[in-house]
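**Q** Now for the letters of each chain:
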Amino acid sequence: MGHSGGNRPLQSQLPSPHWELALGPKPGSPGAERPRGAAVRPMPWFARNPSRAARCRGTCPWPTSPAPASLLRVGSSVGRPQPEEVVSSLQKYNADYDLSARQGADTLAFMSLLQGKLLPVLIHTFWVDAKNYVEHTRKWYAEAIPFPLNFFLPSRMHKQHLERLQLVCGEGCLDNEEELEKELYREARECLTLLSQRLGTQTFFFGDSPASLDAFVFSYLAPLLKAKLPSGNLHQHLKSLPNLCNYCNSILSLYFPWDGGDPLPSAPKVSASDSSDGEEESYKWSNQILSVLVGLGAMIGYAVLSGIVSIRRGTPEHARPIPMDDEDEEEED
Amino acid sequence: PSAMYVMLFFCFQAFLQMCSLPVQVVCRANAEYMSPSGKFGRISVVSPVLPLVLERILCGHSLSDGLDEVQKAEMKAYMELVNNMLLTAELYLQWCDDATVEEITHPRYGSPYPWPLNRILAYQKQWEVRRKMKAIGWAGKSLDQVFEDVDQCCQALSQRLGTQPYFFNKKPTELDALVFGHLFTILTTELSSDELSERVKTYSNLLAFCRRIEQNYFEGHAKDIPASVTSRSSRSLLMS
Numbered sequence: 001m002g003h004s005g006g007n008r009p010l011q012s013q014l015p016s017p018h019w020e021l022a023l024g025p026k027p028g029s030p031g032a033e034r035p036r037g038a039a040v041r042p043m044p045w046f047a048r049n050p051s052r053a054a055r056c057r058g059t060c061p062w063p064t065s066p067a068p069a070s071l072l073r074v075g076s077s078v079g080r081p082q083p084e085e086v087v088s089s090l091q092k093y094n095a096d097y098d099l100s101a102r103q104g105a106d107t108l109a110f111m112s113l114l115q116g117k118l119l120p121v122l123i124h125t126f127w128v129d130a131k132n133y134v135e136h137t138r139k140w141y142a143e144a145i146p147f148p149l150n151f152f153l154p155s156r157m158h159k160q161h162l163e164r165l166q167l168v169c170g171e172g173c174l175d176n177e178e179e180l181e182k183e184l185y186r187e188a189r190e191c192l193t194l195l196s197q198r199l200g201t202q203t204f205f206f207g208d209s210p211a212s213l214d215a216f217v218f219s220y221l222a223p224l225l226k227a228k229l230p231s232g233n234l235h236q237h238l239k240s241l242p243n244l245c246n247y248c249n250s251i252l253s254l255y256f257p258w259d260g261g262d263p264l265p266s267a268p269k270v271s272a273s274d275s276s277d278g279e280e281e282s283y284k285w286s287n288q289i290l291s292v293l294v295g296l297g298a299m300i301g302y303a304v305l306s307g308i309v310s311i312r313r314g315t316p317e318h319a320r321p322i323p324m325d326d327e328d329e330e331e332e333d
Numbered sequence: 001p002s003a004m005y006v007m008l009f010f011c012f013q014a015f016l017q018m019c020s021l022p023v024q025v026v027c028r029a030n031a032e033y034m035s036p037s038g039k040f041g042r043i044s045v046v047s048p049v050l051p052l053v054l055e056r057i058l059c060g061h062s063l064s065d066g067l068d069e070v071q072k073a074e075m076k077a078y079m080e081l082v083n084n085m086l087l088t089a090e091l092y093l094q095w096c097d098d099a100t101v102e103e104i105t106h107p108r109y110g111s112p113y114p115w116p117l118n119r120i121l122a123y124q125k126q127w128e129v130r131r132k133m134k135a136i137g138w139a140g141k142s143l144d145q146v147f148e149d150v151d152q153c154c155q156a157l158s159q160r161l162g163t164q165p166y167f168f169n170k171k172p173t174e175l176d177a178l179v180f181g182h183l184f185t186i187l188t189t190e191l192s193s194d195e196l197s198e199r200v201k202t203y204s205n206l207l208a209f210c211r212r213i214e215q216n217y218f219e220g221h222a223k224d225i226p227a228s229v230t231s232r233s234s235r236s237l238l239m240s
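Residue numbers (the UniProt record's numbering), protein chains in the order written: chain A, 1 to 333; chain B, 1 to 240.
In short, the hints are calculated from the structure, not lab data.
Hints may contain errors.
The calculated lysine-lysine pairs, modelled on BS3-like cross-linking and capped at a C-alpha distance of 30 angstroms, are [what the hints assert, rightly or not]:
{"#": "1", "chain 1": "B", "residue 1": "Lys-72", "chain 2": "A", "residue 2": "Lys-226"}
{"#": "2", "chain 1": "A", "residue 1": "Lys-182", "chain 2": "A", "residue 2": "Lys-159"}
{"#": "3", "chain 1": "A", "residue 1": "Lys-131", "chain 2": "A", "residue 2": "Lys-182"}
{"#": "4", "chain 1": "A", "residue 1": "Lys-182", "chain 2": "B", "residue 2": "Lys-132"}
{"#": "5", "chain 1": "B", "residue 1": "Lys-134", "chain 2": "A", "residue 2": "Lys-159"}
{"#": "6", "chain 1": "A", "residue 1": "Lys-139", "chain 2": "B", "residue 2": "Lys-134"}
{"#": "7", "chain 1": "A", "residue 1": "Lys-159", "chain 2": "B", "residue 2": "Lys-132"}
{"#": "8", "chain 1": "A", "residue 1": "Lys-226", "chain 2": "A", "residue 2": "Lys-159"}
{"#": "9", "chain 1": "B", "residue 1": "Lys-72", "chain 2": "A", "residue 2": "Lys-239"}
{"#": "10", "chain 1": "A", "residue 1": "Lys-159", "chain 2": "A", "residue 2": "Lys-131"}
{"#": "11", "chain 1": "B", "residue 1": "Lys-132", "chain 2": "A", "residue 2": "Lys-131"}
{"#": "12", "chain 1": "A", "residue 1": "Lys-182", "chain 2": "B", "residue 2": "Lys-171"}
{"#": "13", "chain 1": "B", "residue 1": "Lys-201", "chain 2": "B", "residue 2": "Lys-141"}
{"#": "14", "chain 1": "A", "residue 1": "Lys-182", "chain 2": "B", "residue 2": "Lys-125"}
{"#": "15", "chain 1": "B", "residue 1": "Lys-72", "chain 2": "A", "residue 2": "Lys-159"}
{"#": "16", "chain 1": "B", "residue 1": "Lys-201", "chain 2": "B", "residue 2": "Lys-72"}
{"#": "17", "chain 1": "A", "residue 1": "Lys-131", "chain 2": "B", "residue 2": "Lys-141"}
{"#": "18", "chain 1": "A", "residue 1": "Lys-226", "chain 2": "A", "residue 2": "Lys-239"}
Facing chain A, according to a computed beta carbon distance under 7 angstroms, are these residues of chain B, among others [to be verified]:
{"#": "19", "residue": "Glu-69"}
{"#": "20", "residue": "Gln-71"}
{"#": "21", "residue": "Glu-80"}
{"#": "22", "residue": "Leu-81"}
{"#": "23", "residue": "Arg-131"}
{"#": "24", "residue": "Lys-132"}
Cβ atoms here follow ideal geometry from the backbone N, Cα and C, with glycine treated the same way.
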């Protein structure tokens with residue numbers, strides 16, 4: 001979880017195949033490390049003193065078990081972890097201890113709203129929409145996943161997301177993709193409007209201090225707002241809701257101050273061009289090695305098939321049987 | 001009919017009664033296949049009021065007209081919570097719990113059809129549901145985890161309802177109809193284990209809410225509910 005990413009923008013960090021969370025200091029404090037998963041990073045900083053988390057028990061509609069370790073690795077090598085898994089695993093760092101029972105219930109309800117209405121659209125936007133997938137998502141993941149997995153994991157994830165969308169939306173949904181798209185985007189626009197209405201003029205969903213719902217909502221809105229998608233239908237609608245845009249930008253400036261600005265104090269000051277050059281250099285090397293191997297394989301294959309090189313199986317000289325003396329004598333007779 | 005359509009039946013009937021619309025119930029074995037999407041069984045509404053129903057449901061004139069924008073947002077969120085958690089849990093219990101599948105779901109689901117169609121259709125439905133559960137990440141859940149999810153959902157609903165007669169104070173909304181449909185089905189449908197209904201019964205305000213809606217909207221309409229709609233003999237909550 002080092003700083004190999006240099007000073008990459010937020011969008012290049014969001015879907016890295018392993019999301020690692022540093023539970024601990026705020027950015028700027030000594031020992032703060034750079035996250036690779038923007039959607040889950042705010043949670044520990046939203047959370048107040050862990051020892052006060054017990055206040056929430058009895059009012060929150062979910063258990064508040066402590067996080068098992070100070071460093072948490074979430075998800076497998078394929079796909080991103082679900083934000084609710086991350087939030088529930090961070091219950092020791094409870095951002096909801098100030099909330100009433102009713103606000104706790106609202107949190108659960110709005111999380112469900114996002115999962116039901118916005119998640120299918122995120123899957124469609126990033127994985128099903130052909131233009132976005134080819135020009136953006138596949139490249140994005142291929143850069144984040146180490147060689148040689150980056151050649152086949154994105155397409156495998158693409159298939160998984162297609163299957164999931166098909167199962168969630170109904171068997172024949174992908175046959176009539178225009179209708180599906182209309183329906184999904186209509187529901188997502190409605191969901192964003194509802195979120196905007198619920199947020200109103202507040203800084204966060206439950207007043208002036210952030211809660212787990214804010215981390216959850218941010219994890220869905222940030223990719224839509226910040227990813228440079230070739231066809232961003234929903235991006236336009238999100239832009240038309242100024243309070244949600246301001247909300248995302250305020251979280252970015254509060255909890256991700258190094259994005260688009262200075263890197264973290266603990267990170268080595270590497271210029272963006274240097275880091276990108278380094279990355280390009282490593283990709284060049286891997287591509288060169290791969291092309292050399294493919295070329296060698298092709299040449300050897302051609303040589304064998306055309307008969308330039310022939311492989312014979314014969315017994316070597318030293319392996320031939322040595323005739324016995326008495327046998328020689330018999331032959332002479 | 002399967003418990004899913006019982007739930008839909010109660011949701012729709014509660015909604016129509018709340019809109020003060022007369023409703024005629026016709027039981028059909030193939031209700032599942034009547035709608036184009038396959039998601040809803042048909043509810044045959046008395047013909048003169050059909051345009052009114054469509055106007056009310058589709059054209060924005062609904063039970064939630066009295067709510068402000070924030071309340072509407074909250075109502076939609078809670079409806080999504082019910083659909084995400086309660087509906088999925090009901091599907092899981094009916095089709096992924098082996099004991100319930102063998103004892104109740106397969107015989108009930110296949111009852112309108114002759115052999116071997118009853119077995120084929122039941123297995124086909126089970127396969128569909130299990131694939132969907134896998135897609136949404138519920139396939140690996142144990143029964144206890146599912147009950148825990150239902151508990152979470154009921155606790156959230158209970159806290160939202162509080163001591164009010166309905167979720168948004170004194171007037172019923174679509175959320176009230178939806179929650180009633182689900183809870184009433186859970187409380188009155190026979191499963192291999194009573195644990196789910198017992199868990200719901202621990203929330204006294206939700207139980208009182210179901211009784212209230214049954215009294216206000218279903219008491220005079222008992223004749224409209226065919227005996228075959230639920231499998232439990234003591235269907236009424238008023239008696240419990």
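**Q** Against each hint, give a clear statement of whether it holds in the structure.
**A** Against the structure, the hints:
1. B/Lys-72 x A/Lys-226: Cα-Cα ~28 angstroms, so holds.
2. A/Lys-182 x A/Lys-159: holds (22 angstroms)
3. A/Lys-131 x A/Lys-182: Measuring from Cα to Cα gives roughly 17 angstroms; hence the hint holds.
4. A/Lys-182 x B/Lys-132: Roughly 22 angstroms between the alpha carbons, so the hint for A/Lys-182 and B/Lys-132 holds.
5. B/Lys-134 x A/Lys-159: Distance ~15 angstroms between B/Lys-134 and A/Lys-159 Cα, so the pair holds.
6. A/Lys-139 x B/Lys-134: Holds: A/Lys-139 and B/Lys-134 sit about 28 angstroms apart, inside 30 angstroms.
7. A/Lys-159 x B/Lys-132: Within the cut-off at roughly 16 angstroms; holds.
8. A/Lys-226 x A/Lys-159: holds (25 angstroms)
9. B/Lys-72 x A/Lys-239: holds (22 angstroms)
10. A/Lys-159 x A/Lys-131: Between A/Lys-159 and A/Lys-131 the Cα gap is close to 16 angstroms, so the pair holds against 30 angstroms.
11. B/Lys-132 x A/Lys-131: holds (27 angstroms)
12. A/Lys-182 x B/Lys-171: Roughly 33 angstroms between the alpha carbons, so the hint for A/Lys-182 and B/Lys-171 is violated.
13. B/Lys-201 x B/Lys-141: holds (23 angstroms)
14. A/Lys-182 x B/Lys-125: holds (28 angstroms)
15. B/Lys-72 x A/Lys-159: Roughly 36 angstroms between the alpha carbons, so the hint for B/Lys-72 and A/Lys-159 is violated.
16. B/Lys-201 x B/Lys-72: holds (28 angstroms)
17. A/Lys-131 x B/Lys-141: violated (36 angstroms)
18. A/Lys-226 x A/Lys-239: holds (11 angstroms)
19. Glu-69: holds (4 angstroms)
20. Gln-71: violated (9 angstroms)
21. Glu-80: holds (4 angstroms)
22. Leu-81: holds (4 angstroms)
23. Arg-131: Hint on B/Arg-131: holds, closest Cβ of chain A at ~6 angstroms, below 7 angstroms.
24. Lys-132: holds (5 angstroms)
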